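When we follow my numbering, the leftmost residue of the sequence shown carries the number -12, and every step to the right adds one.
Certain hints may be false.
[Stated by the list, open to error] Here are the simulated lysine to aspartate or glutamate pairs, EDC-like style, with alpha carbons at most 16 angstroms apart:
1) Lys143 with Asp87
2) Lys302 with Asp267
3) Lys189 with Asp246
4) Lys253 with Asp201
5) Lys305 with Asp267
6) Lys172 with Asp216
7) Lys189 with Glu207
8) Lys172 with Asp213
9) Lys143 with Asp70
10) Lys253 with Asp212
11) Lys189 with Glu243
12) Lys143 with Asp93
13) Lys143 with Asp212
14) Lys189 with Glu141
15) Lys172 with Asp212
16) Lys249 with Asp212
17) Lys143 with Glu91
18) Lys189 with Glu125
19) Lys189 with Glu281
20) Lys172 with Glu207
21) Lys253 with Glu243
22) Lys249 with Asp216
23) Lys283 with Asp246
24) Lys253 with Asp216
25) Lys172 with Glu141
26) Lys249 with Glu281
27) Lys172 with Asp129
28) Lys305 with Glu281
29) Lys189 with Asp213
[As the list claims (entries may be wrong)] Restraint-style ranges between C-beta atoms, simulated for each label pair:
30) Asp280 with Thr206: 19 to 27 angstroms
31) Glu125 with Arg233: 40 to 48 angstroms
32) His282 with Ser73: 34 to 42 angstroms
33) Thr180 with Ala78: 17 to 25 angstroms
34) Gly266 with Arg122: 36 to 44 angstroms
35) Asp146 with Thr180: 16 to 24 angstroms
36) Lys283 with Asp212: 18 to 26 angstroms
No lab work stands behind these hints, which were simulated from the structure alone.
Please read these numbers as outputs of a predicted model, since none were measured by experiment.
The C-beta atom is built at its ideal place from N, Cα and C for all residues, glycine as well.
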Amino acid sequence: MALKQRRARSRRPAFLAAAVAASVALTSGPGFAAGVVRADQADAPAFGAYLDYGPRGVARISELSRWLGGAELRVGHTYLPGDLWSNIEGAPGFLDAWADWRTERDDRMLVLNVPMLERNEDHLSDAEVRTLLRRGAEGEFDHHFRALAERLVELKVPDTVVVLGWEMNGITYTHRCGPDPEAWKEYWNRIVTAMRAVPGQKLRFDFAPTRGLDAVPWTECYPGDDTVDIIGMDSYDQPSGLSFDRQVSEPYGLQEHVDFAKRHGKPVSYPEWGLFRNGDNPEYMRRMLAWMDEHKPLYNTLTDYCPHGVWQCGKNPKASEVYRSVLFGRTDEPTPEPTEPTESPTPTTPTTPVNPPDCSPLDLGDWVEYLLGGKLCLRFDWWSRSR
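Based on the sequences and whatever the hints tell you, model everything.
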């Protein structure tokens, strides 16, 4: 997942926040229901979506929740830029909005992809990568990761899930494992040791290769149980023509992932997943959601932009229908296989989220709706009972 630019943290005037509070108070008494239907989901499966890496991504979480009928997205997922060491350290301002979102509720989880090397998408040669991995294994870059851990503690998100050196078994990133697996593993261990030494941290480290063989077997990159807390997998619907059954059974595929994690006593995760080479594939969407219901990952986050996504990407209406029907209003109970809805829910752009199907929008004014991420609404069933 490429990271191309950074955005400044947005700030909202206090008087607008007060206006929102007043509007919510006026429309939240008995019989009124907001577009986001709240429920106690402390024990619900943790899921979310990658929606953007800056403050815009934070703002879209509530919009996606509304589209899903108030299902609680408890996972926020973002990426640190891998261009410069100063950004890998968590440059001031970049993570603030995410930290604010995380600390609003105790049951939320912040997932942060952290590059292991700068110039992470500059297509360096294997020889250059090998040299950098060995320098890292010798401790040359430890201070950058200590600085990041200190930053996360300072922001009061010391329990962040760190997806370190993701997709290391491929060829996309400078932090790939293939040029020197032994140096890569030693370097991973040094990074984790350096970050865990920071007072106050409660970080969890997620080892997340891509599904399948890719450039090297991901098992050859596994750095050991002492420095890995979660065994993740990025699993997109690819290559072309590959069935979901084959995605399960292929070497280093979904089944081997869960079996490997079980042998090592670790929970699984799916930091990145979504559609890809097989286009708008509702069967993949149905089967992947069922797979996660069965194997209960610690968290999963759909990559929600084209060609992978279902809400911010209008190219996948059939898969979008499946995703929404399965997760609409999700509670802590796994949802059965979806039945065919009478009407196909149509994805909308993030600026015009869909209200729950039994609600009538209320006109509260542009500024209030901007702050809320959409309209509040009045439930039809309350209106019928009150007449």
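Okay, which hints does this one fail, numbers in order? 3, 4, 7, 9, 11, 13, 18, 19, 25 and 28
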